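K.L.:
Now for the letters of each chain:
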Amino acid sequence: MNSETLNTLDSYSKNKYKYGFVTDIDEEKPKKGLNEDIIKFISLKKNEPEWMLEWRLKAFSKWKKMKEPKWANLSFPEIDYQDIYYYSAPKGFEKKPKDLSEVDPKLIETYNKLGIPLEEQKVLAGVAVDVVFDSVSVATTYKSELEKLGIIFSSIGEAIQKHPDLIKKYLGSVIPAGDHSFSALNSAVFTDGSFVYIPEGVKCPMELSTYFRINAENTGQFERTLIIADKGSYVSYLEGCTAPKRDDNQLHAANVELIALEDAEIKYSTVQNWYPGDEEGKGGIYNFVTKRGLCAGKNSKISWTQVETGSAITWKYPSCILKGDNSIGEFYSVAITNNFQQADTGTKMTHIGKNTKSKIISKGISLGRSQNTYRGEVSFLRKAEKARNYTQCDSLLVGNQCGAHTVPYIDSKNNTAVIEHEASTSKINEDQLYYCRQRGLSHEEAVSLIVNGFCKQVLQELPMEFAVEAQKLVSISLEGSVG
Amino acid sequence: MNIQDNYLKNKKNIFFSDNKDIQTHRDKLINIFENDRFDKKNNESLKNINLKNFIDFKYKYLIPEETSVINNNQENSYSIVSVNGQCSSFKDDKIEITKILDEDYNDFSKNDTIENNDHFVNLNSLFLNSGFKIVIKKNNNIKIKISNIITDDNLTIFQKNNYICEEGSSLNLIEEYENKNNSTSNILNVIKLEKNSQLNHFLIQDNSPNHNLIITTHSSCKKDSTYTQKVYNFSEGYVRNFHYSELIEVNSEADLQGIFFLKDNNTSNNKTFVKHLAEDCKSNQVYKGILNDRSKATYFSNTHVDQVAQKTEGYQLSKGILLSENASYFSKPELKIYADDVKCSHGSTIGPIDENAIFYLRSRGMSKIAATKILISSFINEELSSIDNEQMSEIIQKKLVRYLSKVK
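Keeping their order, the protein sequence lines are chains D and B.
Residue 308 in my numbering is what sits at position 308 of the first sequence, and the numbering runs on without skipping anything.
Residue 208 in my numbering is what sits at position 208 of the second sequence, and the numbering runs on without skipping anything.
The reader is advised that the hints may include incorrect statements.
Away from chain B, derived, C-beta distances all over 12 Å, residues of chain D [stated by the list, open to error]: (1) Phe76; (2) Gln82; (3) Val378.
Residues on chain B that point at chain D, a partial pick, calculated with CB under 10 Å [stated by the list, open to error]: (4) Phe90; (5) Gly314; (6) Lys332; (7) Asp341.
Note that these hints are calculated values from the structure, not bench results.
Small disclaimer: the values here were computed from a predicted structure and weren't measured.
Cβ coordinates follow ideal geometry from the N, Cα and C atoms, glycine included.
Isolated chain B (complex conformation):
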């Protein structure tokens, strides 16, 4: 079924279909899809994707019977179970959780500065059927853990979450995506960091082979704020991690990191994009990938420095290890610089595990497999050892061990 028919048929189940402004916006999007079919040849970001899953999908969404649970066990610490992308409302003096509203949607659709040519974000806007908004109130230091659960097979979740960190607040956000059913989640996180706020965002992705996860983040940072994102992708199903950051006021910082572990026929598409729009900002984009069997991955990184963004520091690093002769990795680290007083660089490497290192370990009596495993672990050790949350570090270690057990 094509996108337009799909939309018209299910219109009544989609959020805000009675809002006129949103309706006009969606008509425009449908037009875009009609005119610009998913053109793989001229759009690198669609490389390796099995598009059929996303164009000819069957729309299905169930409002969950069980409501989500919000626990406030310890002080300043919350755990949330979001079911089919829904979350019930909650309010105390530190945080506020609500369903997303018309105005949140409108707010976003007017935002032209962020890349508007992303088909998957457009799909999300078109079929929006779930999502929530979390506000962290001024000067609070909060921890939140969100587990995303999907109840049935063949669901298509189009979810939009808004996070707002008010002035001086600090949020430690852990999101878990561990789904075993054949569903497709298309999630858009819109994050606003007010003055002097901080967000540490961890995404742990570990889905079964038939689960497709498309996750996009748009974050914008005001004065003295810092956004740090760490993605750990252990999924056996398709994952698309596209993360955009805008540094809109002075002295803000964005740090986008990711590690992905691929095997079998799996593919993953990754992109990070930092736009420097103010002076004295810093950014860092680091992705590392390990590819086994017939897996394929792409990573696009992009640093855009506006003419006014003097004294910018922007760094990119992309590293890939190919463990098998059938794996492939495509990377495109891009710099677009319009200001002169900047320090920007990128580095990119792709290759096998260093044979000399293997030889060294084997000469000390280690088997080839053991040596390989040790070297893979050391390849990502820097990222793992920087996790300061013990519980999380443990979870990730376990997943790593599971991945390594399949390496031959």
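Isolated chain D (complex conformation):
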């Protein structure tokens, strides 16, 4: 390794977190700790009906009996669930503002710093934004336009009030509360999140988008997102996150459920850039996310795309249950880890129906002293006739103190199903670097170009609105040399 490469590596690790600032807003929070009282408090604050509280308490009693899942290749100090605030909402937001002018200007400023000015977005690209600032939905735009089409796009709290039938029917139907301890925890204490319902035959004309943001120190965010695409409908949903700089580790355990009925299609894209901790591995978000989609009807399709660059710990497996015949599941992922970050991410494709198809493209890039694991399961059940899977997972190693791991689980119980899996691990090709340098690119530009090329297969799956930001994030993650 030449000295230039070493310099480059050095500059990678010096990259500072750009979005590290704190908004000063008075926060109203109850005491730390997890118990029945806090769940009742959350439920009361959200003005929830009785059945919702019961549902939460049931999940809590399950959680008490459960242990954290241990399969992941991660090491972190034990989480003290009693040392976390489970509810924090900026004061004065219990009554929701009707439009942006009623929103606290400081909040708007925060988003401006992040490069997502709400005012502009409202006018610009036709993106309706449902902003989650800490735990309460602050502003919901474009609602009326969506309403005309019969699309429901609201906070989950609002949906519980207004559409109890849909919530009762679908909440927890894909991720049962007792699935594992993080899903039980989320079910018990979730404070907000988004709810989307696309009625039969409607193609949602714009990309729906939510920005999540953890603001208060020691506040675990527990969002719950539920998206239902009725027969023949289509929706593309964007989720992106950045978090201000903190020293204490923050817990984040979201649950996302997608349901696609007959002929429906859901596209779910995520750019995750929570605070990853500093160069010494201090601080950072613990991100334990459960995302699961159910292709319930025939010919339905669910597609996950994710760009994971943040969080001290990422534990995330967006998965698809392919129940309807001819249904399709897709998973595209780029995961970049730097410094002391640890990521254990992948997907789970469960083929139940006939002619179901799935495709997995995963790209992992490890730098610094980070550990990056792909963990994916593909299973064909007995009745999954003629099912098909293709999996490709590639890892790129930059520097000799990081690790890249690939752990696929492949299970076939049907003799007409075909499964193909390939994976490779290597470092940046010297020949390619040499070629780029020869044509006048600096070392940094060359690395950037090669890494971008490595990720392209995934990045091109992102919707336009996100593609630019995602590329920026990839560059920032490699900062010092790239971009």
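Please arrange chain B on chain D, whose structure you already have, making use of the hints.
P.N.:
Chain B in isolation, oriented as in the chain D frame:
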């Protein structure tokens, strides 16, 4: 009967039960069994196993009346018949065969680097009742064929063999496991390859339905040495092939290959694990399986590359063909990489026989069964044609024909 009672009752028949150090080690193992019952849910390597056979077994071992035979017909070529895991001593200027000794056992139990969570290896250490040690002396080129024979029904054999290939030696080792009685063999091979040595290890497994075979290999390779292992599993009974390799010095190589042919209710568990602990080493892990009827198989492969093991090349390939709708195959090809200048990859496929290929052959006038058989043969042709021993190649061809005759 539980493991502890079983052990205490039969203690006097078990090797080295008067050695204090070994005794302490075994007490620890018993503790492990007490605390960690065979937990199927959290231990994938126990998938599909009928555990009752291995936890509640009745310990029975007979010291064979007939002694084993060692023939040295041709120069540099030996054939050994091992009876109930025992082998008599033999010595000439090229090889040395002895019973295993306390020190061989101790040597192994101190070796923490190899996965110590393997229950079956622990069982072997606990109930050890047979085994031998073969040393190939410096710069010799030797062929050895070992036939493993078990004399009675319901025997539980816990055997440990040590192979040491001294500097510059080369060994061609063929092991045959063809048993027709209802016994259980738990065999652990510990192989040490010194500098510049070479071992070609063939395992032919063809047991009857009620015979359980658990075979584990731990090999370690020093500088410039090469370990090649080829497993051919035609058994109708349960077989567990777990093979670990450690590349501890530069420029060494491990090549672990296997083919298994399953039918009826049979199951097989397979695992290969290569640990790269030095620079410039190569490894290859290739398993192919053909599953018919209600058979089930698992294959775990794992390449671990240590931080110092730069310039590593590690490849894995796993392929499975499911011939019947009730067969199932689980594979987990794993890569754990802590060094950056490496080339590692894995590929894994599971599926039926290619319908287009069948159609092609049928359009040329072949029956469906004939076409299927031809395609199965071609699936494993690469492995079969690479066997350079004519006699062995013939044996395996015969077994293949027998397997294919049952394919409908």
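K.L.:
Hold the hint about Lys332(B) up to the distance rule: shortest CB distance to chain D must be less than 10 Å.
P.N.:
This hint holds: Lys332(B) lies near chain D, its Cβ roughly 5 Å from the closest one there, short of 10 Å.
K.L.:
Could you check that no beta carbon of chain B comes within 12 Å of the beta carbon of Gln82(D)?
P.N.:
holds (27 Å)
K.L.:
Measuring from the C-beta of Asp341(B) to each C-beta in chain D, is the shortest one below 10 Å?
P.N.:
holds (6 Å)
K.L.:
Grab the minimum C-beta distance from Gly314(B) to chain D and call the hint holds if it beats 10 Å, violated otherwise.
P.N.:
holds (9 Å)
K.L.:
Compute the least Cβ-Cβ separation between Phe76(D) and chain B, then decide whether it is above 12 Å.
P.N.:
holds (19 Å)
K.L.:
Classify the label on Val378(D) as holds or violated, using whether its beta-carbon is more than 12 Å from each beta-carbon of chain B.
P.N.:
violated (9 Å)
K.L.:
Can Phe90(B) be said to touch chain D, with a Cβ gap under 10 Å?
P.N.:
Violated, because the Cβ-Cβ distance from Phe90(B) to chain D comes to roughly 46 Å (cut-off 10 Å).
Checked against the numbered hints above, the structure breaks hints 3, 4 and satisfies the rest.
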